[in-house]
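From first to last, the protein sequence lines are chains A and B. Note that the first sequence covers residues 386 to 791 in this note's numbering. Note that the second sequence covers residues 41 to 600 in this note's numbering.
Simulated from the structure, these hints should not be mistaken for lab results. Quick reminder that beta carbons are idealized off the backbone N, C-alpha and C, glycines included. One or more of the hints may lead you astray.
[Said to hold, decoys possible] If you want the ones that stay clear, here's a sample from chain A, every Cβ over 12 Å from chain B, calculated: (1) Ala476; (2) Gly477; (3) Val520; (4) Ala607.
[Said to hold, decoys possible] Derived pair list, reagent style DMTMM-like, types lysine to aspartate or glutamate, alpha-carbon separation capped at 25 Å: (5) A:Lys498 <-> B:Glu420; (6) A:Lys474 <-> B:Asp393; (7) A:Lys785 <-> B:Glu92; (8) A:Lys449 <-> B:Glu84; (9) A:Lys778 <-> B:Asp284; (10) A:Lys556 <-> B:Asp178; (11) A:Lys638 <-> B:Glu84; (12) A:Lys608 <-> B:Glu315; (13) A:Lys454 <-> B:Asp393; (14) A:Lys523 <-> A:Asp614; (15) A:Lys474 <-> B:Asp284; (16) A:Lys638 <-> B:Asp393; (17) A:Lys498 <-> B:Asp284; (18) A:Lys785 <-> B:Asp393.
Here is what each chain is made of, one letter per residue.
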Amino acid sequence: MLKFAATLAAALFASSAAFAADPDPANWPAVLDEARGETVYFNAWGGAENINAYIAWAGEEVEKRYGVKLVHVKLEDAATAVNSVLAEKTAGRGDGGAIDLVWINGENFSAMKRQGLLLRPGWAEKLPNYAFADVEGKPSLRTDFTIPVDGLESPWGMAKLVFFHDSARTKPEEMPESIAGLVAWARAHPGRFAYPQPPDFMGSTFLKQVLAESVADRAVLAKDVATVDADAILAPVFATLDALNPLLWRAGKAFPKNYPALKQLLADGEADIIFAFNPAEASSAIAAGELPDTVRSFVFPGGTLANSHFVAVPFNASSKAGALVVADFLLSPQAQARKQDPEIWGDPTVLAMAKLTAEDRARFGRLALGVATLAPDALGPAIDEPHPSWMAKLESEWAKRYGVAH
Amino acid sequence: MIARFGPPLAIALLAGPVAAGLVGTLLPAFGFLPSLGHSTFSLEPFRALLAEPGLLRSLGVGVGAGLLSTALALGAVMLFVAGWIGEPVFQRLRRGLSPLLAVPHAAAAFGLAFLVAPSGFLARLVSPELTGWLTPPDVLIVNDPMGLTLAAGLAVKEAPFLFLMTLAALPQTPAGPSRQLAAALGYGRIAGFLHTVWPSLYRQIRLPVFAVIAFSTSVVDVAAILGPTAPPTLAVRLVQWMNDPDLAMRFKASAGAMLQLGATAPAILAWVGLERVGRVAARALCGSGFRFRRDGAPRLIGLAAMVSFAAVVFAGLAVLALWSVAGLWQFPNALPARFILSGWANTLPRLADPLLRSVGVGVAATAAALMLAVLSLTREDETGARPGQGARVLIYLPLLAPQIAFLFGLQTAILAAGLTPSTPLLVAVHLVFVLPYVFLSLADPWRAFDRRYEAVAFGLGRSRARMLVAVKLPMLAPALATAAAVGFAVSIGLYLPTVLIGAGRLPTVTTEAVALAAGGNRRIIGVWAFVQATLPAAGFVIAAMLSRLVYRGGAAGTGR
């Protein structure tokens, strides 16, 4: 016990000043040198097999090309990684952290940035492949859920809220065109729509879509929720959700856990309308034999939520150079094109086609969209993500109202 | 001799981590966690906990489902043993149920979910022909708010455990003569058994029953798969809070873990109350003189319950295996439209690392546990003193204290001590859970060993060590092999300790299976859960072959 107390004290007072010099992405050859032989622990959500397979492929490539070993630590929730880094920081571990690279955006990025958990100064824009990033056409690459990115995370992919239905069972022309339309549809078809249980990422996204369609002026959503009259703004949101709840799958007494569980409901015929954050998701699920090839996509003409997702390096990562090399590889035209292939993953690229060489552009040109994927110009207007504080507020209010079903 | 270190070492290894973990959970529950900058005590964590919506319901559903599952499992075991002991079907089912012990809880839970969901295999078998369903009905079976499916999922796994514990205890009861006496007095099979054998039998399996209550009222993985979601059981919510990016939630989670620990005592007390009612009822029936000669119906119920427990697990595994090679498989088709191997092809290359770790950690922890158990039992032989009730409770301590109550604290303590997740650390934590099971399965055969063999060896001038190596261990080889297989199965199935202590960096087959389950992809769940269930089964097969081999050699050596 005494020894335990002593080590506890040692951990408390350990100096966190013992930083080795951090790698400088401006001097890329030096980063590559330092990275060789390093092992990068990449903490990323592990719930989708196609994504896991893609990460495994990226691991083989960076090992072959740069001698960097990539280990995918499969998380149930990215928040777990934020938690571990914070725990390490509070325990005084300023170096040799357990996580080298983490897949995040939005709320978790905001939390890590605010608490000083990210590698500084901004490094992402200095990565060689960042030159191809579509910063002009995709503002969310530099502003993540209204929070300035400042080069503290490197873009990996794009997300846009898209709805799916099975055209063999439901008619495309009957699909709703707004949240209000969705509630009306659910009234006519009770038990045939579901959303994942918040705080699951997709469940919270659905709440934010309701929020975005409920406010008169979306500018208010860019502000911190604590600085505005949140109750008044949220009242119509929960009026809508109150109306929807008894019309949900299982009458709102149970919720699917996350997107893959929701997808299974469509496959099993338990739900008729589902949604995802990746426009190509239905096509890649068809390719994988998880959904019938009669599934089709639709969006709301008034717009749906859109954002980007990133990879970030914790301040105390053990293999910073290796992490930068992996982040740069994930941004490379080859890796991005493979990621966008619906047969592989189908996650839209963050790169600007105009900035690529003809050869790289052709990699993307060769990709088939997939039967269920809407063309980029048919995806409808993009609604910006609200300030991260809205998500936390929506989640806690949701838990109070529907977290305990009656 | 070295054996004298066995018992204290075993007790330190069992009680040490549990005690350290409990302290590590207790302090943050009262707001004290210097490494997070909180060095004063407060009741704030409990206030935050009590302000959680649906807290009592979470607690109540978890405890209720745990008690119900224990009652179901024990009831089935009791009726079956009472009604069928001595019949051929008893032996047959005994062989059929043992492998069930090896099936990890999570795999069994997935199997059950795939069977009974409205769009599950059973509904597909009879749809649309019998039901007319072209789309599955919107009824809540899996994740039901009362936790009934959860209770069923727990019961199918608890029944084999309690059955094996009962089998181990049977030889120490006067089962044969008592039954004959009761039969001669005209009692039916069940009534005769319950009046004469059951009281002394139950006394011996009481601690395992308590361990089952403690486990099932605080289980995480099964509750996450089969339990209610709005709100989930307390144990599931605790893990969610523990994983929240907001570290302040750790305080609330610790307070919740204390509540869970506190709930174990009333749960066991409620059970003790049930025991009392049962005893009074039994006495009244005994005094009434009813013979219950026509007990065909309850006998059939006991048999049907045990057979259906086994059938559910095996059918669940079969459906898992089917899903692992299924292409598109829509409702209401009873079979997939086509079969594909992509699930296996995608998974196999990524299977090696977690598989090796699972096997390595399992073998290391089992070997260490076996060694400690042999040392402790040898010491018992030397001193001639059986462990008292206190020592028995100590052995069960890691099984009686809810895992989450001390694993959180253990994780915090390990972090505070500056230890990084490593395989040896994982082995040490697995040992805490493996040792009790190994000890329990080895103790009875060890104590039943005919000690005249020892006397003969000593008489021939052999040393104690020589006797042990040349005589006792070979003759106990089958028991040792079974204990090892049980220990290995326990290690393979450990989820929470592995994920908390390994910090996600030491993935095993079980942590991967549960993480992928989060994704809900049935094909992949099928692959992983199938692998997860095969590993311990392989352990039992190897144990059976090994013991047969060694036993043959040993028998030749002793000239029989």
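| So which hints don't hold here, by number, going up? | Hints 1, 2, 5, 6, 8, 11, 12, 14, 16, 18 are the ones this structure does not satisfy, whereas the remaining hints hold.
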